[in-house]
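Chemist: The residues making up each chain are set out below.
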Amino acid sequence: MNKDAQMRAAINQKLIETGERERLKELLRAKLIECGWKDQLKAHCKEVIKEKGLDHVTVDDLVAEITSKGRALVPDSVKKELLQRIRTFLAQHASL
Amino acid sequence: MKMEEMSLSGLDNSKLEAIAQEIYTDLVEDSCLGFCFEVHRAVKCGYFFLDDTDPESMKDFEIVDQPGLDIFGQVFNQWKSKECVCPNCSRSIAASRFAPHLEKCLGMGRNSSRIANRRIANSNNMNKSESDQEDNDDINDNDWSYGSEKKAKKRKSDKNPNSPRRSKSLKHKNGFSVCTSASYTLPLLFSSSGELSNSDPFKYNSSSGISYEALGPEELRSLLTTQCGVISEHTKKMCTRSLRCPQHTDEQRRAVRVYFLGPSAILPEVESSLDNDSFDMTDSQSLISRLQWDGSSDLSPSDSGSSKTSENQGWGLGTNSSESRKTKKKKSHLSLVGTASSLGSNKKKKPKPPAPPTPSIYDDIN
Chain G
829 MNKDAQMRAA INQKLIETGE RERLKELLRA KLIECGWKDQ LKAHCKEVIK EKGLDHVTVD
889 DLVAEITSKG RALVPDSVKK ELLQRIRTFL AQHASL
Chain D
3 MKMEEMSLSG LDNSKLEAIA QEIYTDLVED SCLGFCFEVH RAVKCGYFFL DDTDPESMKD
63 FEIVDQPGLD IFGQVFNQWK SKECVCPNCS RSIAASRFAP HLEKCLGMGR NSSRIANRRI
123 ANSNNMNKSE SDQEDNDDIN DNDWSYGSEK KAKKRKSDKN PNSPRRSKSL KHKNGFSVCT
183 SASYTLPLLF SSSGELSNSD PFKYNSSSGI SYEALGPEEL RSLLTTQCGV ISEHTKKMCT
243 RSLRCPQHTD EQRRAVRVYF LGPSAILPEV ESSLDNDSFD MTDSQSLISR LQWDGSSDLS
303 PSDSGSSKTS ENQGWGLGTN SSESRKTKKK KSHLSLVGTA SSLGSNKKKK PKPPAPPTPS
363 IYDDIN
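Chains as they are written, first to last, in this note's numbering: chain G, 829 to 924; chain D, 3 to 368.
Derived from the structure by calculation, the hints contain no laboratory data. The beta carbon of each residue, even a glycine, is placed where N, CA and C say it ideally should be. Hints may contain errors.
[Claimed, not checked] Straight-line distance between alpha carbons at most 25 Å, and here's what the computed BS3-like set of lysine-lysine pairs gives:
1) G:Lys866 x G:Lys908
2) D:Lys106 x G:Lys870
3) G:Lys866 x G:Lys878
4) G:Lys880 x D:Lys106
5) D:Lys84 x G:Lys878
6) G:Lys897 x G:Lys870
7) G:Lys878 x G:Lys897
8) D:Lys106 x D:Lys84
9) D:Lys46 x G:Lys831
10) G:Lys870 x G:Lys831
11) D:Lys17 x G:Lys908
12) G:Lys831 x G:Lys859
13) G:Lys897 x G:Lys853
14) G:Lys842 x D:Lys61
15) G:Lys897 x D:Lys61
16) G:Lys842 x G:Lys897
17) G:Lys874 x D:Lys84
18) D:Lys46 x G:Lys874
19) D:Lys61 x G:Lys870
20) D:Lys17 x G:Lys878
21) G:Lys842 x G:Lys853
22) D:Lys17 x G:Lys853
23) G:Lys880 x G:Lys866
24) G:Lys866 x D:Lys17
25) G:Lys907 x D:Lys106
26) G:Lys866 x G:Lys907
27) G:Lys897 x G:Lys908
28) G:Lys874 x G:Lys842
[Said to hold, decoys possible] Covered by chain G, according to a simulated footprint, are these stretches of chain D (three or more residues, beta-carbon under 8 Å):
29) 105-117
30) 237-245
[Stated by the list, open to error] According to the in silico footprint, chain D covers these stretches of chain G (three or more CB under 8 Å from chain D):
31) 848-859
32) 863-870
33) 874-885
34) 888-895
35) 899-912
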């Protein structure tokens, strides 16, 4: 288990060092905006805020409401592409 | 921690996949969090709901999707059939024709002024009105164009009437083909060859640049040795083409030379003047006899005082075109000396006599 944890940590470190993580993040953001994920989520937010009242909105409320829905709303194509890129990265740095 | 110790290749694919999934999830959650922070900030700053419009306006600007209307709810071709009343003539005009009609009706715009001017011009031409003002106005209005025409005409008249081109065109019109110094390729007429200028003696113009009066007999002789010299009946100019110019026959040339230089003046050959063949003494006697015969047959009533024996001797020996081919070379020597100097002096019209050696040859012959 430690090995796994170590390995994951090592991989993450590699991701950050090479800058791949940043690139993946940007790619994901662009794709989500393109597919309309952001607008959908925004509409949902508005409803939540209107229910709760504008002044009583907190970050925690928002986070709890949105992340679950957001994760579900991501289209499959975006998910697959991102996973593909991650696997490629892992394959490149397998022996490293 | 070195990655070399932990080689990923040793892991199962499932584990790799699990790792990939974890990384993906992390990324997605990052994005969601980022979005949440944006929204929260917008809410707290108060600009979250700014891009929303109230429902009433939303209804007003709703997209229309009915047949016959565009998305704004407007009817197509609504104004085609409508008619407007012209404020000027109080007529009811179709909307699409209204603007051009108004332009003409009010007399403004480019076309209407043009038409008006044309009408005025036409009416002036037809009426011959005594109102000079109008005519002057027209002239003044079109001054730029009329003036240029006048100037153009003046310029044309100022052209040199003595230019060879001009003379050529005149001669063409008259129907009498005259030689000029231009190229031989001109399709000038041969029909006029029968007409000779013998009937019109002593009427020579200087328009071709060859003024008979200005030339002395020596110059004339030199000219005639190199040029056709036939005088055009219409323009009274000597032909400046070569001795073989196709517009005039040798008869004409001989006539001119006899005319100028006396009965014994003979047409020289152009080509022969360039040859340098040796002279044969024995043949010269026969030549001379033949020449005398030729000269006598060409007697014409001429008063030319330029006919002198020395000149006749000094003149290059030419023959008729029929005989020229055979005896050309033998006479060339005689004519060469005579014409060489004259050729040189011909175009400059120097008042110099032909070269002295010429008479000496004749002296030997005689």
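Chemist: So which of those numbered hints doesn't the model satisfy?
Modeler: 2, 4, 5, 9, 10, 12, 14, 15, 16, 17, 20, 24, 25, 28, 29 and 30
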